[in-house]
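Taken in sequence, the protein lines are chains A and B. Each residue of the first sequence is one higher than the one before, starting from 715 at the first, in our numbering. Each residue of the second sequence is one higher than the one before, starting from 715 at the first, in our numbering.
Think of the hints as simulated: they come from the structure by calculation, not from any bench. Any given hint could be a false lead.
Identical copies look the same in the list; a pair holds intra-copy or inter-copy alike.
[Unchecked claim] Capping the alpha-carbon separation at 20 angstroms, the derived lysine to any residue pairs in SDA-like fashion look like this:
no., residue 1, residue 2
1, K782, Q1079
2, K1078, I1112
3, K782, D747
4, K802, A1023
5, K865, G837
6, K782, D751
7, K782, M748
8, K865, R838
9, K865, G967
10, K865, H839
11, K782, K1078
12, K903, E878
13, K1049, Q898
14, K782, P749
15, K1078, P1068
16, K1078, L781
17, K810, N965
18, K865, W968
19, K865, Q833
20, K903, A960
21, K865, V840
Protein chains: 2
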Amino acid sequence: MTMSSVLPMVVSRQELEQRDQDDPLRGLREAFDMPPDLLYMDGNSLGVLPHRARQRAQEVISDEWGLKLIDSWVENDWLQAPARVGDKIGALIGAKVGEVLVADSTSVNLFKMLAAALQANTGRHVILSESGNFPTDLYIMQGLSAFAGDKVCQQIVEPDQVIEHLSDQVAVLLLTQVHYKTGQIRDMKEITRLAHEAGVLVVWDLSHSTGSIPVNVNDCEVDFAVGCGYKFLNGGPGAPAYLFVAERHQNSGWPILSGWLGHRDPFGFSDQYSPAADINRFQCGTPSVIAIAILECGVDLFTSTDMVALRDKAIALSSVFIGLMDARCMQFGIKLVSSRNAADRGGHVSFSHPNGYGIMQAAKQRGVIGDFRAPDIMRFGITPLYQRFQDIFDVVDIIHEVMTMGEWDKQEYNVQPAWS
Amino acid sequence: MTMSSVLPMVVSRQELEQRDQDDPLRGLREAFDMPPDLLYMDGNSLGVLPHRARQRAQEVISDEWGLKLIDSWVENDWLQAPARVGDKIGALIGAKVGEVLVADSTSVNLFKMLAAALQANTGRHVILSESGNFPTDLYIMQGLSAFAGDKVCQQIVEPDQVIEHLSDQVAVLLLTQVHYKTGQIRDMKEITRLAHEAGVLVVWDLSHSTGSIPVNVNDCEVDFAVGCGYKFLNGGPGAPAYLFVAERHQNSGWPILSGWLGHRDPFGFSDQYSPAADINRFQCGTPSVIAIAILECGVDLFTSTDMVALRDKAIALSSVFIGLMDARCMQFGIKLVSSRNAADRGGHVSFSHPNGYGIMQAAKQRGVIGDFRAPDIMRFGITPLYQRFQDIFDVVDIIHEVMTMGEWDKQEYNVQPAWS
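Bound conformation, chain A alone:
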C-alpha cells in the first residue's frame, strides 16, 4: 500500500492520459456500461452497470424463470445462490468458505448480527456505537433496543471516546470501517483487539470497504460483519446485502429472524424451528433470485484482479485528485475533509465548502456526478475498476470552472435523496 501524503500537484491532462495508457487495470473499464458524457464519481452510492448483468438478468428471467420455472431452484442452483455469491464476497474480505451469506438488506443483516452478538455474549446488555456512524446502523440498534426493553441498551458516544467506553456492560461494539462522509478508515484490527480484551464482541459495517480497500476479517478476528451490494460491488440499485459470521459464532443460539430457509430442513415443513448448523441459519425468507444473479456479475469482476492492485490505483487516483484540487481549487475556500494520509482514506474523497450543494449541482450540469452530504460535504467516489486518470483531471477542471464562473451561486438549494 502506498503511504504518501499529498502535496499540491500540477499535472497536465496529457500526462494523465499517458498514465491511463500505462495502467495495467485499464481493461477492466470495458466490462462496464459507462454512461456517455458523464464523469461518474458516485461509485460508492451506486456502482455502474457491468455489461454482463444485463445479459445475466435475461438468462435468469427468460430461460431459468420463464422456461424451467420451479425446477430452477435445483437445476439452476437458485437454492445455493446466497452461499455461492456469499463465498465470492468472502474471498474479497478474508473470510473462509461458509462464513459469508448474501441475504436481505444491510439494515436487516445488521439487526441479525446485533442479535446474534448479544446472544453470543450473554450477561451483557449494551450495544455501543459512535455518533456520526451511518444512520441505519444507529437506527437498527435503536429499534432493537426499544423493542427489547431492559434486555438491550444502546449507547452512542463520540468517535474518540469509543475505546474508553468498552466496559463490562458492553456486549457488542458496532462500528463502520470506512466512514461514509469522510472516508476515514478505522483500525479494525486494533479496535477489535481492544474490544475483545474488554470482553466485547464486534459487528463491523463494511459497506464502504468491500471492493474498495483490502479487508481481512479473520486476520482482524472480526466476529460479525455486514455490507451492501450496490456500492463498490456494482450489484445494482438496492442489491441484496451480505453478512459475515465467524465460524466460531455460527452456533450461538437461534437467529432472531428465524425464517424457513434458515431451518435445518426447510423442506420438511415441521412446525418447530431448528436452525441450520452452518451460515445458512442466517437466511430468512426466500432469496431474491434475480437480484442475487445481477449482484454476482458485479462481484465476479473482482476475480480478474486483486484488492491490492485496485487499492494502489485508487490511492494514485485520489492522490492526483487531491493534488489537483489543492493546486487549482483551494483558493476558492474548498477544503479537504478526508485524510491527507492515503492509508487513512477509504474509497472516496470528501471536501467541504459552505456552498457545497450549489457547487455539486453546477458541476452536475457539466456532467460531473458526485454526492452532497449535508451540511457542506462534497463527496467523490474513487472506483479504480472503471475510473481513468484523465477523468480526474476533467472533474477538477470542471469544478475550477464552476468556481471561477461563480456558477454555484445560481443553484437553488433543494436537497435530493442521497444514497450513502
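Fit chain B to the supplied structure of chain A, relying on the hints for placement.
For chain B alone, kept in the frame of chain A given last:
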C-alpha cells in the same frame, strides 16, 4: 361467487376447448410466457413469467441504472416504488391507499407485523397460532419469542382450538387465510371479529390469497397482514413481499426493524431514529429496485380484470378438475384433500395418495408440473390468468395414464425442494 359442490363429471376435451373459446378472460394468457410442452399447475409456488417483466427488467437495468444511475432514485421514481406497487397490491385486497408497502421477504415482514401488533396491544404477551400453519409463520414467531424471553410467549394449538384459546393473555393471533397444503379458506372476517372481541389483534398471512381469491382486509377489519410476490402475483423467484398495516395502527410505537428508509427524514442523516408518520415507517433498508419493478409487471396484469371474474373462473377450473379426477382417478385410491365446497377452497386443489411422490414425478416426466408436499399431498395450482379448461383435461388424462401404467412405482423417492 359460485357456491357449488362438485360431483363426478365426465366431460370431453372438445367441450372444454369450447369453454376456452367462450372464456372472456382467455386473452390474459397472451401476456405470459407459457413454457412449451408444459402443463404448469404450480402457479402458487412460482407464477409464470409475464412478457412485460422481461422488457421492464431491461429498461430498469439498461436505461435507468445504466444511463441515469443515482438520478433514477428521483427521476424514475425508484424511491416511491415500494409504496406505489404496495398500493396496487392494496387494491387487490381491499386496502386503502397508504396501507400496503412492498418490502423485504414475507418472513421479514411477518417479524415486523408481529412486533408491531405486540406493541399495539400492550400488557399482553402471547402470540397464538395453529399447528400446520406455513412453517415460516411459526418459525418467525418462535425466533421473536426466543429472543424476547418473558416479554413474548408463543403458543401453537390445533386449528379447531384457536378460538377457545383467545384468552386475555393473547396479544396477537397469527393465521394464514388459505392453507398452503389443503387450500382451505379460513373465515377471516369471523375469526377477526372473535379475536377483537377477546381484545386480540390479528396478523393474517395472505400469501395464498392475494391474486387468487377476492380479499377485503378492511371489510374484515384486519389489523396487519403480509403476503408474498412470487405466487399468484407472478413477481418472479424470490420476489419482494408486501405488508399491510391498517391506518389505525400505523402510529403504534417504533417499528422493530427501524432502518433508515423508515425514518421521517432519511436524507437528514440524523443520529436519532424518528419513524415516518405513515406506512413508510415499515420500510427498512434500501429497496430492491429491479426486483420490485419486475413484481410490478405481474401485479399490473390484474388491472385489466377483477378478482371476482378471476375467482369465478378459478372455481370453474377447479370444479372441472375435481369432477374429472373423481370420475377417472378415484378408482386408484386418489383422494380429494381440499374441500368439495368451492367457497371453502382457495387457489389450489390437493389430493392425497400413499404414492403421491411417485405419481407427481411420473406426471412430471409427461409434462405436468405440480407440487408434492410430504407425506402424501399432491397439490395443483389453479391460476385463471393463464390456465385453460383443456389443460385441466390433459392433466387428468396424464394422471390417469400414470396410474393405469403404474408409472409412479418406477420413481425413486428423492424429495426436491418445494416452494410453498
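Evaluation of the provided hints:
Proximity of K782 and Q1079 under a CA criterion of 20 angstroms is satisfied inter-copy only: 13 angstroms between copies versus 46 angstroms inside one chain copy. Only within a single protomer do K1078 and I1112 lie at most 20 angstroms apart by alpha-carbon distance; the minimum there is 9 angstroms, versus 63 angstroms between protomers. Taking the shortest alpha-carbon separations for K782 and D747, only the inter-copy value of 11 angstroms comes in at or below 20 angstroms, while the best intra-copy value is 29 angstroms. For the identical chains of this complex, K802 and A1023 are intra-copy neighbours only, at 18 angstroms inside a copy versus 48 angstroms across copies, given an alpha-carbon limit of 20 angstroms.
Taking identical chains as interchangeable, the C-alpha atoms of K865 and G837 lie at most 20 angstroms apart whether they share a chain (9 angstroms) or sit on different chains (17 angstroms). In this assembly of identical chains, the alpha carbons of K782 and D751 lie at most 20 angstroms apart only when taken from different copies (11 angstroms versus 40 angstroms within one copy). Taking the closest pair of Cα atoms, K782 and M748 come within 20 angstroms of each other only across two copies (11 angstroms); inside a single copy the shortest separation is 33 angstroms, beyond that limit. In the homo-oligomer, the alpha carbons of K865 and R838 lie at most 20 angstroms apart both inside one protomer (9 angstroms) and across protomers (18 angstroms), since each shortest distance falls under that limit.
Within a single copy, K865 and G967 get their C-alpha atoms as close as 16 angstroms, and across copies as close as 18 angstroms, so both meet the 20 angstroms cut-off. Taking the shortest Cα distances, K865 and H839 sit within 20 angstroms of each other both inside one copy (6 angstroms) and across copies (16 angstroms). Taking the closest pair of Cα atoms, K782 and K1078 come within 20 angstroms of each other only across two copies (12 angstroms); inside a single copy the shortest separation is 45 angstroms, beyond that limit. Taking the closest pair of Cα atoms, K903 and E878 come within 20 angstroms of each other only inside a single copy of the chain (17 angstroms); across copies the shortest separation is 57 angstroms, beyond that limit.
In this homomeric assembly, K1049 and Q898 come within 20 angstroms of each other (Cα to Cα) only inside a single copy, at 15 angstroms, whereas the closest approach across copies is 67 angstroms. Proximity of K782 to P749 under the C-alpha cut-off of 20 angstroms is restricted to the inter-copy arrangement: shortest distance 8 angstroms between copies versus 34 angstroms within a copy. Proximity of K1078 to P1068 under the C-alpha cut-off of 20 angstroms is restricted to the intra-copy arrangement: shortest distance 17 angstroms within a copy versus 68 angstroms between copies. In the homo-oligomer, the alpha carbons of K1078 and L781 lie at most 20 angstroms apart only across protomers (14 angstroms), although the nearest pairing inside one protomer, at 43 angstroms, exceeds that limit.
Proximity of K810 and N965 under a CA criterion of 20 angstroms is satisfied intra-copy only: 16 angstroms inside one chain copy versus 43 angstroms between copies. For a Cα distance limit of 20 angstroms, the shortest separation of K865 from W968 qualifies both inside one copy, at 16 angstroms, and across copies, at 17 angstroms. Within a single copy, K865 and Q833 get their C-alpha atoms as close as 11 angstroms, and across copies as close as 16 angstroms, so both meet the 20 angstroms cut-off. Taking identical chains as interchangeable, the C-alpha atoms of K903 and A960 lie at most 20 angstroms apart only when both belong to the same chain, with a minimum of 15 angstroms there against 47 angstroms between chains.
For a Cα distance limit of 20 angstroms, the shortest separation of K865 from V840 qualifies both inside one copy, at 9 angstroms, and across copies, at 18 angstroms.
Of the numbered hints given earlier, the model fails none.
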